[in-house]
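Trainee: What follows is each chain in one-letter form.
Protein chains: 2
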Amino acid sequence: MKTRHMVWMGALLLLVSGCEQRNDADSGYAQWTQEVPGVWKSRVGVPDKVTLTSELTFTPKLDAIGEMGEADFPIEQTEIRFEQTDGKTYLRFPLDEGEQIYGLGLNFKTVEQRKRIMRLHVDHYGGKDDGRTHAPVPFFVSSKGYGVLLNVARYVDVYCGTGVRKDSKHPPVVRDRTTDPKWSAQPYSDNLEFLIPADGVEMVLFAGKTMLDVVRRFNLYHGGGVLPPKWGLGFWHRVPTRYTDQQVKEEVQEFKEHRFPLSVVGLEPGWQSRAYPCTYEWDNTRFPQPQQLIDTLAAQHIRVNLWMNPGISPESSVYPDIEPFTASHTEWCGAIPDYTIREAQDIMCRHWTKHQLDLGVSGYKMDENDGNDSWIFPDVATFPSGTSAEQMRQIYGSLMQHMLTNLYRQRNQRTYGLVRAGNAGTVSYPFVIYNDYYNHRDFITALINSSYIGVLWTPEVRSSATAEEWLRRMQTVCFAPIAMLNAWSDGTKPWSFPEVERQVNDAAMLRMQLIPYLYSTYADYCFRGIPPTRAMNLEEGYATNSVEEAGVLDTTKNPYALAVKRESKDQFMVGENLLVAPLFAGETERKVVLPQGRWYDFYTGELVGEGEIITVAPGLDKIPVFVKDGGIIPMFAPATTIDDTKRALVVRHYGTKASTYRLYDDDGETYNYEQGEYAYVTFKVEVDADGTRHGSAEQTTGTRLWSYNGAYDFQFMTK
Amino acid sequence: MKTRHMVWMGALLLLVSGCEQRNDADSGYAQWTQEVPGVWKSRVGVPDKVTLTSELTFTPKLDAIGEMGEADFPIEQTEIRFEQTDGKTYLRFPLDEGEQIYGLGLNFKTVEQRKRIMRLHVDHYGGKDDGRTHAPVPFFVSSKGYGVLLNVARYVDVYCGTGVRKDSKHPPVVRDRTTDPKWSAQPYSDNLEFLIPADGVEMVLFAGKTMLDVVRRFNLYHGGGVLPPKWGLGFWHRVPTRYTDQQVKEEVQEFKEHRFPLSVVGLEPGWQSRAYPCTYEWDNTRFPQPQQLIDTLAAQHIRVNLWMNPGISPESSVYPDIEPFTASHTEWCGAIPDYTIREAQDIMCRHWTKHQLDLGVSGYKMDENDGNDSWIFPDVATFPSGTSAEQMRQIYGSLMQHMLTNLYRQRNQRTYGLVRAGNAGTVSYPFVIYNDYYNHRDFITALINSSYIGVLWTPEVRSSATAEEWLRRMQTVCFAPIAMLNAWSDGTKPWSFPEVERQVNDAAMLRMQLIPYLYSTYADYCFRGIPPTRAMNLEEGYATNSVEEAGVLDTTKNPYALAVKRESKDQFMVGENLLVAPLFAGETERKVVLPQGRWYDFYTGELVGEGEIITVAPGLDKIPVFVKDGGIIPMFAPATTIDDTKRALVVRHYGTKASTYRLYDDDGETYNYEQGEYAYVTFKVEVDADGTRHGSAEQTTGTRLWSYNGAYDFQFMTK
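Just so you know, the protein sequences line up as chains U and Y, in that order.
For the first sequence, our numbering gives the first residue as 1, with consecutive numbering after it.
For the second sequence, our numbering gives the first residue as 1, with consecutive numbering after it.
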């Protein structure tokens with residue numbers, strides 16, 4: 001009797017203690033452990049097994065982080081509080097008055113995130129910065145000099161300086177709305193709060209003297225940024241979906257006749273025998289000899305990129321093998337593989353290898369792995385691995401990026417392509433985000449925001465209402481990670497607006513000329529974590545100028561007289577030295593905010609201003625570009641292709657400052673650079689007492705070059 | 001050794017089995033138990049303790065349901081499936097081809113819900129039918145003749161005929177998008193799916209021969225609809241927020257001079273000493289003698305309704321008592337009571353009683369208990385009862401309605417007021433929903449949708465750009481549950497557009513004349529669950545005419561060439577016999593869909609059509625209103641007030657059919673009708689062989705009348 005009694009008592013005790021650990025509301029402040037200088041980790045509760053990064057492979061660049069030096073834990077640890085209740089985890093970070101928050105996803109209309117509420121949810125962007133976007137990365141960057149990643153693949157609610165706690169140490173002043181003109185609908189909040197629908201979460205905190213340092217540590221920690229293949233930096237053209245191989249060849253010939261740069265041809269759904277859902281097999285009426293097409297284009301230094309989306313057609317030869325590994329629900333009647341299962345990845349990879357990679361296809365455009373809710377698997381879907389649909393939604397794009405990156409990596413080949421969804425952990429994967437949205441200004445805001453969160457974005461061009469709009473769009477896309485015209489449905493070509501054909505060609509040619517500068521910029525992304533196209537707020541000496549204008553009461557449109565925030569979100573840095581400030585259709589002039597120091601016109605070398613706001617009216621033909629004092633820009637002569645020939649460089653210097661610049665080179669195709677097969681040539685400009693400038697070049701790393709023949713023509717742009 | 005071994009083994013076994021019960025994916029089909037004829041209940045998993053209805057009080061009208069007769073369980077029980085995984089509950093109901101779904105919240109742009117996805121979440125409507133709305137009731141009505149309420153206070157995801165399961169018994173045809181013109185972005189789905197973020201859910205299924213019967217059972221099960229006090233059906237005017245009592249009296253005098261009906265004056269935030277957050281105490285500069293004001297207005301048969309919102313000011317005398325019962329976060333610096341705690345309700349009720357009810361205040365307008373996310377308590381807030389913020393969000397408006405209804409009920413007094421949020425279980429609470437949105441067409445769509453889900457809605461008037469718009473809005477609000485001008489900020493008056501003053505007055509006078517008809521209509525709502533202003537789809541003989549137009553491909557606006565659905569959502573029934581088809585600003589004519597049978601012009605008695613679509617051009621002065629064949633409409637003579645005098649009735653009869661109509665009466669103030677103190681007068685119209693019509697009246701229930709003097713003047717409108 002006594003024994004059985006003890007058994008039950010013991011069981012009950014254990015059960016009860018087990019219950020208490022699971023169910024009780026646990027709270028306190030997070031404990032942090034340093035990983036490397038400037039990087040700390042914390043765990044609250046019991047995190048999910050499948051997180052944003054758990055299914056991905058990348059090698060943290062810890063040495064590179066080490067080279068950045070020491071950094072202090074940025075805030076009082078007791079200020080970072082958590083609470084677990086109702087099966088969810090609540091996190092609270094402090095916010096000081098005037099502190100600014102950036103990041104938190106690929107937003108299109110806002111840069112600074114304070115006073116905003118979002119639910120971070122992978123989806124096609126819907127026109128509102130409500131958290132539903134292609135890369136809703138739960139990583140924030142604070143102007144205080146730190147950032148935190150919440151490594152959780154769930155729909156995270158963010159309250160960025162909106163919640164006011166009764167026990168706040170900085171309570172707002174309580175005002176009477178009826179009589180007090182200072183009453184605000186948004187009283188002061190000293191919290192950045194998160195609600196995570198999970199039993200726990202793993203967090204990584206990155207410190208930095210500057211926000212750029214925070215972003216660099218974040219990028220390096222996840223493997224460093226993308227170093228695209230050199231050909232990827234050329235011009236991309238996606239042809240209409242129903243084109244045949246013959247039409248593709250004819251279009252390529254037209255590019256030659258128009259002397260328009262072309263490095264990649266993109267084929268849209270019609271290359272497949274079935275699409276929506278997909279076979280991932282060539283259509284034998286439109287593409288009877290795909291190998292021959294690929295070879296023909298390769299001989300012209302043009303690569304092929306193929307459209308795909310996730311759903312697999314029952315008519316695909318791979319269907320019987322993959323079907324057991326697919327979800328309960330279909331997307332456009334296509335089966336959805338559970339890519340957290342290794343065998344599912346392998347099955348599809350073998351299929352893609354056999355039908356595409358072995359033929360020489362250079363990469364993919366991975367469409368519709370973001371949403372929307374009507375197309376993609378619903379949250380009620382189940383997956384064979386048991387991973388929830390919510391988690392799969394948050395990582396599906398990341399999984400596909402991981403799979404294709406490694407599939408090419410196994411062949412020691414760099415791919416470069418497009419994708420509709422990404423998240424934390426994909427910074428090293430060579431895929432650029434795009435979408436069906438088209439507001440040009442918002443496209444540029446997204447470009448800016450991509451730099452806080454470790455993703456790449458392109459403001460692709462498809463069509464336009466006017467020649468002016470066409471040119472302005474072309475001018476911006478030629479500074480993007482992928483310079484692309486996507487004519488999948490509109491059937492446009494770069495010269496579709498003849499009145500601006502020359503100027504569009506100029507923009508594309510400038511892109512081609514800048515490739516040495518861009519390639520070195522992406523090397524900095526890869527080795528040092530510096531985002532290639534980035535927000536002004538990450539630039540030293542830039543003063544943020546977001547301004548609030550008093551709101552006007554309107555009982556329908558603004559019943560609480562909310563203030564309107566105006567912030568700078570239409571100019572960005574490209575690489576170390578260039579500031580790009582595009583014009584948009586309908587405007588002939590614009591303001592440009594220049595960071596501290598002197599800045600020079602890229603085209604003329606003239607001084608334009610110093611740490612001030614200037615107004616520029618560049619005319620239709622030009623996109624305003626400015627160079628920092630001492631900025632060195634290595635450039636090719638104009639050319640329409642990227643090939644193996646070694647070329648001379650013009651090395652432009654702007655301003656009057658002495659400076660150096662490190663030009664990067666490697667074979668541009670393989671991963672051999674990871675084994676040390678790369679080079680740096682250091683350009684140096686010295687300035688005499690009388691202002692005379694002298695340029696010199698020295699190969700400071702490596703024993704050979706691949707794209708440069710050693711001829712460097714220094715041009716001092718500023719008189 | 002062996003004993004200890006057994007202790008641990010036993011403990012482990014129990015623990016493991018406990019774990020399995022909690023964590024494993026449980027699935028199957030729901031088991032249903034009949035409650036009363038036509039109503040079944042089911043429970044899946046372990047439902048939350050706090051649900052949509054658990055904190056509310058109402059008396060199900062089971063006898064009235066019984067009188068509706070028998071009804072069969074509408075579908076195969078094995079078709080209603082559930083699955084529990086990842087801490088959530090997934091429900092699946094079948095959908096036949098052609099089956100239509102209604103309900104699922106107070107939507108403003110769509111009526112039929114098939115092919116739509118929503119997350120049902122209490123909030124101020126934001127311009128999209130995404131589930132965020134004032135009454136996101138998780139109740140659907142199927143054209144098959146049944147409806148189901150998911151009684152759960154969580155953010156429920158709805159996939160209404162969008163998810164396609166691999167194992168579907170009705171798989172859609174798989175098509176190739178590139179070549180098949182029949183390819184659709186929305187392949188056929190045979191599911192209505194729900195994702196409930198909870199460990200279980202209680203469901204109630206209502207059957208019915210018609211959708212109206214389903215709605216009636218749903219309403220009766222939750223206590224039957226609202227029977228407002230008679231004065232509530234008059235005209236309401238809310239004065240500008242900073243008005244003083246003197247200005248209020250002057251404005252009331254202006255109403256008299258303009259001979260404009262007025263039954264209720266609404267005071268906006270300025271009546272309080274502090275607002276945003278609130279003291280719930282009179283401001284002694286603007287309202288030094290509230291009792292005197294209330295008495296003065298009462299003598300003119302005008303009642304007072306007061307604005308409030310949830311947050312309590314630290315400057316309120318009630319603050320020290322209520323503070324311990326408030327949430328972790330504040331709303332506009334006001335403390336938020338946890339109204340699931342009885343003592344919190346009592347504290348506030350005593351305060352409202354002392355400061356308002358005892359003075360004779362007739363009711364409240366309960367603002368901002370819906371959202372938005374920036375103002376209301378965030379989901380990271382915690383409440384003293386331990387109820388999650390998510391659950392509180394879904395029921396906060398319901399709780400406030402329950403509290404105020406019962407506070408007045410304890411005084412045997414009917415209140416009538418306004419509220420910004422409601423949910424399942426509030427159908428008997430006398431509060432009408434309104435908001436800051438203002439699209440007139442959408443306002444009418446919401447009126448239609450309110451009838452599926454057991455809430456009342458008013459398309460309040462505030463301002464207008466033109467006289468035409470002003471009049472059209474006034475014409476519709478005069479058919480709504482509350483006919484109201486809300487001039488809280490715009491300072492408008494019914495005669496603000498002099499060029500249409502007479503017509504606006506006509507509309508309001510018509511409202512007053514129709515009160516006998518409307519009051520009987522609301523009695524039908526209360527006793528028989530028939531919604532007073534309701535969707536055409538709930539009317540017998542109405543043929544739904546939603547039509548899909550093929551979509552046009554646009555790479556930005558419609559990249560999947562989605563079809564556009566056009567449905568009827570701008571005409572509605574009022575009571576048994578009236579069909580209202582409003583004009584909107586900018587149009588001079590419109591189509592009206594007439595149900596089967598003959599229909600007559602309300603103003604002239606002329607036959608307008610029979611089971612067909614007609615076009616009407618009524619001119620600015622009139623809102624198109626039609627009466628069904630045999631329709632009897634009892635009407636007062638025009639009057640600007642509602643008082644105790646007994647009045648004569650004009651009893652209009654339309655068409656050529658014999659018919660009856662039951663006129664309802666009671667004291668219009670108290671709940672004595674629940675003890676049998678009410679009356680019915682049955683009007684009968686008989687038709688001779690030669691078409692001569694004869695009218696008669698007989699009091700068939702009760703021994704007295706309150707508002708009618710027994711004089712009934714039959715007018716046969718149709719020659």
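It is worth saying that the hints were derived from the structure and are not from the lab.
Treat the hints with care, since some could be wrong.
In silico lysine to any residue, SDA-like type, Cα no more than 20 Å apart, as pairs [said to hold, decoys possible]:
no.	chain 1	residue 1	chain 2	residue 2
1	Y	Lys557	U	Ile322
2	Y	Lys565	U	Ser374
3	Y	Lys128	U	Asp321
4	U	Lys557	Y	Lys128
5	Y	Lys493	U	Lys166
6	Y	Lys557	U	Lys166
7	Y	Lys166	U	Lys557
8	U	Lys166	Y	Ser317
9	U	Lys49	Y	Lys128
What you are looking at is a predicted structure, and each value in this text was computed from that prediction instead of being measured.
Trainee: Give a verdict on every hint.
Mentor: Now for the hints, and whether the structure bears them out:
1. Only pairs whose Cα atoms come within 20 Å are accepted, and lysine 557 (chain Y) paired with isoleucine 322 (chain U) is rejected, the gap being roughly 34 Å.
2. Note on lysine 565 (chain Y) and serine 374 (chain U): the hinted pairing holds, with a Cα-Cα distance of about 16 Å set against a maximum of 20 Å.
3. Under the criterion of a C-alpha separation no larger than 20 Å, the hint pairing lysine 128 (chain Y) with aspartate 321 (chain U) is inconsistent with the structure, at around 42 Å.
4. In summary, the hint linking lysine 557 (chain U) to lysine 128 (chain Y) is supported, as the alpha carbons are separated by about 15 Å, within the 20 Å threshold.
5. For a cut-off of 20 Å, the pair hint linking lysine 493 (chain Y) to lysine 166 (chain U) is broken: about 41 Å separates their Cα positions.
6. Annotation: proposed proximity of lysine 557 (chain Y) to lysine 166 (chain U) is violated, straight-line Cα distance about 45 Å (limit 20 Å).
7. Under the criterion of a C-alpha separation no larger than 20 Å, the hint pairing lysine 166 (chain Y) with lysine 557 (chain U) is inconsistent with the structure, at around 45 Å.
8. For the hint pairing lysine 166 (chain U) with serine 317 (chain Y), the CA-to-CA distance comes to about 18 Å; that is within 20 Å, so the pair holds.
9. In summary, the hint linking lysine 49 (chain U) to lysine 128 (chain Y) is not supported, as the alpha carbons are separated by about 35 Å, beyond the 20 Å threshold.
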